[in-house]
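Colleague: Sequence:
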Amino acid sequence: MNFFIDVDYTLISANGALRPHAQTLFNRLTDAGHAMYIWSGVGIRKYEMTRHKIDPMVTDYFEKPTADYRAAVERAALPIAPDLVVDDHEEIVHEFGGVVVRPYFFADDSDKELVNVADALLDYAESGTSSFSRFVSPRNGAG
Numbered sequence: 001m002n003f004f005i006d007v008d009y010t011l012i013s014a015n016g017a018l019r020p021h022a023q024t025l026f027n028r029l030t031d032a033g034h035a036m037y038i039w040s041g042v043g044i045r046k047y048e049m050t051r052h053k054i055d056p057m058v059t060d061y062f063e064k065p066t067a068d069y070r071a072a073v074e075r076a077a078l079p080i081a082p083d084l085v086v087d088d089h090e091e092i093v094h095e096f097g098g099v100v101v102r103p104y105f106f107a108d109d110s111d112k113e114l115v116n117v118a119d120a121l122l123d124y125a126e127s128g129t130s131s132f133s134r135f136v137s138p139r140n141g142a143g
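Per our numbering, the very first residue in the sequence shown carries number 1; after that it's consecutive.
Zero decoy hints are in this set.
Cβ-Cβ distance ranges computed for the label pairs, FRET-style:
1. R75 x K46: 16 to 24 Å
2. D55 x S133: 27 to 35 Å
3. T50 x R139: 31 to 39 Å
These aren't lab readings, by the way, just hints derived from the structure by calculation.
Quick reminder that beta carbons are idealized off the backbone N, C-alpha and C, glycines included.
Full structure from sequences and hints, please.
Modeller: Quick look at the structure:
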C-alpha cells in the first residue's frame, strides 16, 4: 500500500523534534512491503527526514494539498495516489482514509501515537479493517 504521512505535528514537533517511534513506524511498514511517502502543506521536507534518518525509508516527497484535497491531488498529477494518509488534520484523513493523530506540538518521550498508527495501518493492510478508534476507512473508490 501507499501511505502518505504528514510532517508538522504528525512526525515532528514545533521545535523540530522527531516524534517517538517514528523509526519504528517506518521500519514496520517498509519491512511489510509498503511504500512510505512524505507530504507537507509547506513543501518538500526531505531535509527534515534526512536529518532524522528517515529518508532511506521514504519512497518520495510531495507537496500536500491544503484544501479541496482529492481534486488537488488529481491536478498535481502525482505519479501515485495515497491509499491511506496519516495526519493531525482530520479533514484530509476523512477524504482519503487513514489515521488521525493527536498533534505533536512539543517533545514528549512518553508519546506512543506512532505505535498505534503502525498497528492500525498494518491491520488494515492485512485484513481490510482496523479497530483503532481514530482509523478512518477509505471512501468508496478511494484508497
